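Here the protein sequences come in this chain order: A and B. Going by this note's numbering, the first residue of the first sequence is number 38, and it counts up by one from there. Going by this note's numbering, the first residue of the second sequence is number -12, and it counts up by one from there.
In case anyone wonders, no lab produced these hints; they're calculated from the structure. Among the hints, a few may not be true.
[As the list claims (entries may be wrong)] Under the rule of at most 30 Å between Cα atoms (straight-line distance), these lysine-lysine pairs were calculated in the DSBU-like manner:
#, chain 1, residue 1, chain 2, residue 2
1, A, K315, B, K147
2, B, K101, A, K125
3, B, K0, A, K121
4, B, K305, A, K125
5, B, K0, B, K274
6, A, K116, B, K235
7, B, K274, B, K147
8, A, K315, A, K197
9, A, K300, A, K315
10, B, K(-7), B, K225
11, B, K235, A, K315
12, B, K235, A, K300
For clarity, every value in this text was computed on a predicted model and none was experimentally measured.
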Amino acid sequence: MIIQILVSGLVLGCVYGLIALGYSLIYKASGMLNFTQGDILTLGAFLGYTFYGVFHIPFILTVIIVFIIMLGFGMVLEKGIISKLVAKGTLPIYTVLATIAVSYIIQNGSMLVWGTQSINFPRIFHVTNIKILGVNIQTEAFVCILVSMICMVSLHIFMKHTRFGTSMRAAAMDPLAARSLGINVSLATGLTWGISAAVAALAGMLIGPLYGVYTTLGATIGRKGFASAVMGGYGNMYGAMLGGAILGLVETFTSAYISSSYKDLVAYILLITFLFIKPTGIFNERAIQD
Amino acid sequence: MNLRLKNAISNRKKDLIILLVLLLMPVFLNVIHFEYAFTIVSFIFIYIIAVSGLDIVFGYSGQISLGHAAFFAIGAYGSAILHKYTHIPVILTMIIAAFLAAVIGAGLAYPASKLVFHFLSLATIAFGEIVYQLVAQSPYEITGNFTGFFTDSVSIFGYKLNTYSKFYYFGLFSVLVFLLMKNNLIKSKVGRAFIAIRENSHAADGMGINVRNYKILAFAISAFFTAFAGGMYAHCVKFISPDTFMYKQSVMFLTMLLFGGTASRFGPIFGAVSVLILNEALRATEKYQLLIYGVLLLIVIVVLPGGLYGAYQDVAVKFKKKGVNKC
């Protein structure tokens, strides 16, 4: 029993972690909160369902297609709206509100396309359960954790050990200096938004088979995902994953042992407590205070 | 000097005409048998007060709040529950609940005041969600949870304002009182301190303004406004349920404020009127509501950063200039 709770907590935690990863990347790159992440997760899940469940494209191929589409979507979002607003010199808060507006448009738009009913994401694997340490675990849950880990490691390698990742980090650290070194800062920022969107969409495809797909799937996950980003230290990639894991576990254990009606409450209490008491998070990410 | 006096007199005249129109409107509406308009107008009054509250925090003090639905909820549920268990007259419970919200607002702002913009918005979101969760799944079901909560209408000296048309004058009176309060607040030392903090909090600090205390004050006053509006909502509709106090509502307040124009006398009025009328006009397309709000918000942010009132002022200035040129 306890291992099953642990696993479902980790699954949820991985999804929160992937969302928060996007928050952290974007915050580092453009100092912005992005409220679209959650709804991009929904969109990713819907697209995944369409390609895999309706068009019967193999799952791996579906993942790649959706990943690329959402990468483009994130970049268009940044280039089309965010960077324009920044260039106009509007207050940062208006840019944040613009992302809320976009999230509404995505949420309502996907409702118009896919309807209000919760859609069952068809099974990905023929084997329903696998045995680990003598405990039956749903295959999709296992894959969700595995893929998140792979995603995390490959992002780490991309950011730390490739030329492009290094230039992205440089652009985030000091745009002016990066530009004078010949780094295409605009492209780097755009790509950061693209990667964040793609990762969120991936999370959507991972959680879709477990939770079903519906229009508000991502909205709540997205809002609670802020708790994991803040807990880990806003702007810290590893902190985001760790915060996600903590949030997922706390939430699942609360609903298992106390009451499932308190699971949302716990997430927001964690968020507000960390903001007030330790806003720099576990990894002590600097400067989010006035 | 003479010109200023003249302007003041003509402004007075304009205000009087508007007031007269507003006072006579119910008669007119009754004559043409358009009773449904009272419902819309009542909601407009409620939202004007709520959005004015948000304007104090966001427009004047430059602090973001994405959790104002929480204060709306505290006002509504606070007043309704207090009235049910203590039988204090409704108007008093509304004021008590608004004060309670002000205290809670100050309690929230005390630790939140050190957070910068982005993280303040997260903290207020979390606050809003916590209040929503507590209302939707309250201990001992004191709020009636998802089933909702029925309550009484406002009564003045035993006269019950139990229809929207009877609510009209009470709503109008409340709006006038709150707008006057807001106007006087902004013109006072406190209001100037708010604006100074918005423009540059470090400079304000250097001028000897206690930034933290004023931020707390801004939140408390703002919460008072919005909570009173919440109380009005509860006793006007006579039924409240958690659905009204979701995150969406906080964004709605902000949409109205931005759409009308921030930090102005008429912004909240423009915003509440236009968004609510739009809402009614698009009732048939309720499915697309969020989509429409999203597009509206985006348009305002990208095209009309000053909101409707800002755009109106720009146009007015242009016309005035043209007039001067002709002379």
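Quiz item: Is it true that the CA of B:K101 sits at most 30 Å from the CA of A:K125?
Solution: 28 Å, holds
Quiz prompt | 30 Å limit on alpha-carbon distance, applied to hinted pair A:K116 and B:K235 | solution = 27 Å, holds
Exercise. Below or equal to 30 Å on CA atoms is what counts here, so check B:K0 against A:K121.
Key: 44 Å, violated
Quiz prompt | Restraint check for B:K235 with A:K315, where alpha carbons must lie at most 30 Å apart | solution = Within the cut-off at roughly 28 Å; holds.
Practice problem: Measure nothing beyond the straight line between the CA atoms of A:K300 and A:K315; if it is 30 Å or shorter, mark the hint as holding. | Solution: 22 Å, holds
Quiz item: Is B:K(-7) within 30 Å of B:K225, Cα to Cα?
Solution: This hinted pair is violated, its Cα atoms lying about 46 Å apart.
Self-check item: Pair hint outcome, B:K235 versus A:K300 [Cα-Cα no greater than 30 Å]
Solution: 20 Å, holds
Quiz item: Is the Cα-Cα distance between B:K0 and B:K274 30 Å or less?
Solution: 43 Å, violated
Quiz item: Straight-line Cα separation of B:K274 and B:K147 no greater than 30 Å?
Solution: At roughly 36 Å apart (the allowed maximum being 30 Å), B:K147 and B:K274 break the hint.
Quiz item: Taking only the CA atoms, is the gap from B:K305 to A:K125 under or equal to 30 Å?
Solution: Since the Cα atoms of B:K305 and A:K125 sit roughly 22 Å apart, the hinted pair holds (cutoff 30 Å).
Practice problem: Take a quick look at whether A:K315 and B:K147 sit within 30 Å of each other, Cα to Cα. | Solution: 50 Å, violated
Quiz item: Taking 30 Å as the top limit, are the C-alpha atoms of A:K315 and A:K197 close enough?
Solution: 28 Å, holds
The structure fails to meet hints 1, 3, 5, 7 and 10 from the earlier list, while all remaining hints are met.
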